[in-house]
Amino acid sequence: MNLPSVSNAHKTNEIAVSVRGLGLTYTTSIERRPTLKARAKSLGRGTKHTRVIQALDNVNLDVEYGHVLGVIGSNGAGKSSMMRVIAGIIPPTQGRIEVFGSVSTLLALGVGFNPSMSGRDNVFLGGLAAGMTRDQIEDNFQEIADFSELGDAIDAPMRTYSSGMFSRLAFSVAATVRPDILIVDEALSTGDAKFKEKSLNRIKELRSDDRALIIVSHAMGTLREVCNDVAWLNKGVLVQRGEPNATIDAYQDFLQVKRSAASDEDV
Amino acid sequence: MSAPIQVPSQVYEPFHAGLPPLIRYSKSLWLRRTFIVEYSRSELRSKNFGSFFGQLWLILNPLLLSAVYFLLIVIIRGSSDSARYVHLTATLFLFYFVSNSLTGGVKAVTGGQRLILNTAFPRIMLPISAVVIALFRFLPTLLVFLIIRTVLGGAFFWQMLWAIPILFITTLLSLGLAITISCMNVYFRDIASFLPYLTRTILYLSPVLYESSALSPKVLKIEILNPLFPLLDSWSQALVHGQAPQTSSMLVALAWAVAIFVIGSYIFLSREREFAVRL
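Top to bottom, those sequences are chains A and B. In this text, residue positions in the first sequence follow the numbering used here: the first is 2, and each later residue adds one. In this text, residue positions in the second sequence follow the numbering used here: the first is 5, and each later residue adds one.
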């Protein structure tokens, strides 16, 4: 598989993403839905029906080109929040994020696809939303379709897809768009073994092409294999960052599961 | 390995209510203009408007509506004529363009949750798409109206071309309304349930079921508060009667449209970066 001809303007070890003093707090309303009625009620009582959640606290992180950064941590550690902030979807509460290059995201929920439309239409929709032109998508479409191995199903409505097919298509779009920086959030876990192998190869290709990748995953084996660097988040705080094996070992010691066969297997 | 000094392509800093850099914002909006059209099309298609009967319904629905309201007029007034029916269809169809923009716009942001949580793009595209959908649904009814007018109304005048600037102002107003209400619905989710009453009230306050000449001067003075009144009045003046609309009502309509569009966009743009955490 050849990487498409679009060359990368960035060199190894140049900074791709710089995160400085990142803090993020969510203010969630306790009322299930914010409504006029709820607002009027709390106005009368003079109380604020909100709860503040500290999702990230003073995180400093650099990602260089030619590197793959793995992000690990328990559920609710702030991994996905950090990915959303880097992608510019959520504004940070404190700190500053500088991004040097184009970003393509593959977040847990998948692209904002319209399930009643075919995979083909959704590829166009997703690409256009990401700011590509129609011609650019058309040029890459065959490659996306081939990589996803969907075959004729590409023209079937996406509501008929299995979750594996869905994530295969989403990964193909995100990885074929050839971003400078690719952010993948737990999207590698739904594909079958063959597709997982293929996407790992693609990640390695992107790495050697001096792109920057950030991968959020609970699959420690995968991370040990592809990452040059692992960051461990716990309750919004960056606990440790460094060499993959050392960081993952520390994380697993922390979880008191040690390196048993069960936890090392790809989930 | 000397790192050259680079300019970051994106900088994200804490959110504070204020406008994003407008030039960069409009550039990235312009870059996605095809997305707005494609997204609107896909929404229309997903509501089965891609099929033959779905498209037929786009025409049948306003025709049935106009028939029902015509029946209402006949019963209340005791009699009616074809000129009244032509006026009714003209104004009702334009009214439904605005009304569809509102009903589409109110859910535009809250319904686009998946898209908003997973992709970074100018959020204002969502209410804009709602108006484009409403426009797509309006255009065939305009054709239906022209057929009705040819059959019932007789001659065409060049003054009917005034409909073009009026439609332009109406689109601007619809954009402003859709942008405003889509943003409000993020903070007050029950607005969507009030909306049918709001549109129904505006319908009865507007010269659709009656002509503006039927109103007393006192009521006409109050109608300056209804942004749709001068638009629908001028629309009927131009398309039904073939006369140039009054300059004053065109100016009032334009002032309303620009004001709502600017204020709505300001509120939306200064708040939109917060939407992802509010959904």
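Wrong hints could be hidden among the right ones.
[Stated by the list, open to error] Computed spacing ranges between beta-carbons, pair by pair:
#1 Gly77(A) x Tyr191(B): 48 to 58 Å
#2 Asn59(A) x Val262(B): 25 to 35 Å
#3 Gly77(A) x Leu76(B): 32 to 42 Å
[Said to hold, decoys possible] Selected chain B positions facing chain A (in silico; Cβ < 7 Å):
#4 Trp34
#5 Leu35
#6 Ser46
#7 Phe57
#8 Gly115
#9 Phe125
[As the list claims (entries may be wrong)] Some chain A residues close to chain B (C-beta under 7 Å, calculated; not the full set):
#10 Tyr27
#11 Met118
#12 Leu129
#13 Gly132
#14 Ala157
#15 Leu201
It should be emphasised that the hints constitute simulated quantities derived from the structure, not laboratory data. Virtual Cβ for every residue (Gly too), placed ideally from N, Cα, C.
The hints, checked one at a time:
no. : hint                             : in the structure
1   : Gly77(A) x Tyr191(B): 48 to 58 Å : violated (26 Å)
2   : Asn59(A) x Val262(B): 25 to 35 Å : violated (45 Å)
3   : Gly77(A) x Leu76(B): 32 to 42 Å  : violated (57 Å)
4   : Trp34                            : violated (11 Å)
5   : Leu35                            : holds (5 Å)
6   : Ser46                            : holds (5 Å)
7   : Phe57                            : violated (17 Å)
8   : Gly115                           : violated (11 Å)
9   : Phe125                           : holds (6 Å)
10  : Tyr27                            : holds (6 Å)
11  : Met118                           : holds (5 Å)
12  : Leu129                           : holds (4 Å)
13  : Gly132                           : holds (5 Å)
14  : Ala157                           : violated (15 Å)
15  : Leu201                           : violated (23 Å)
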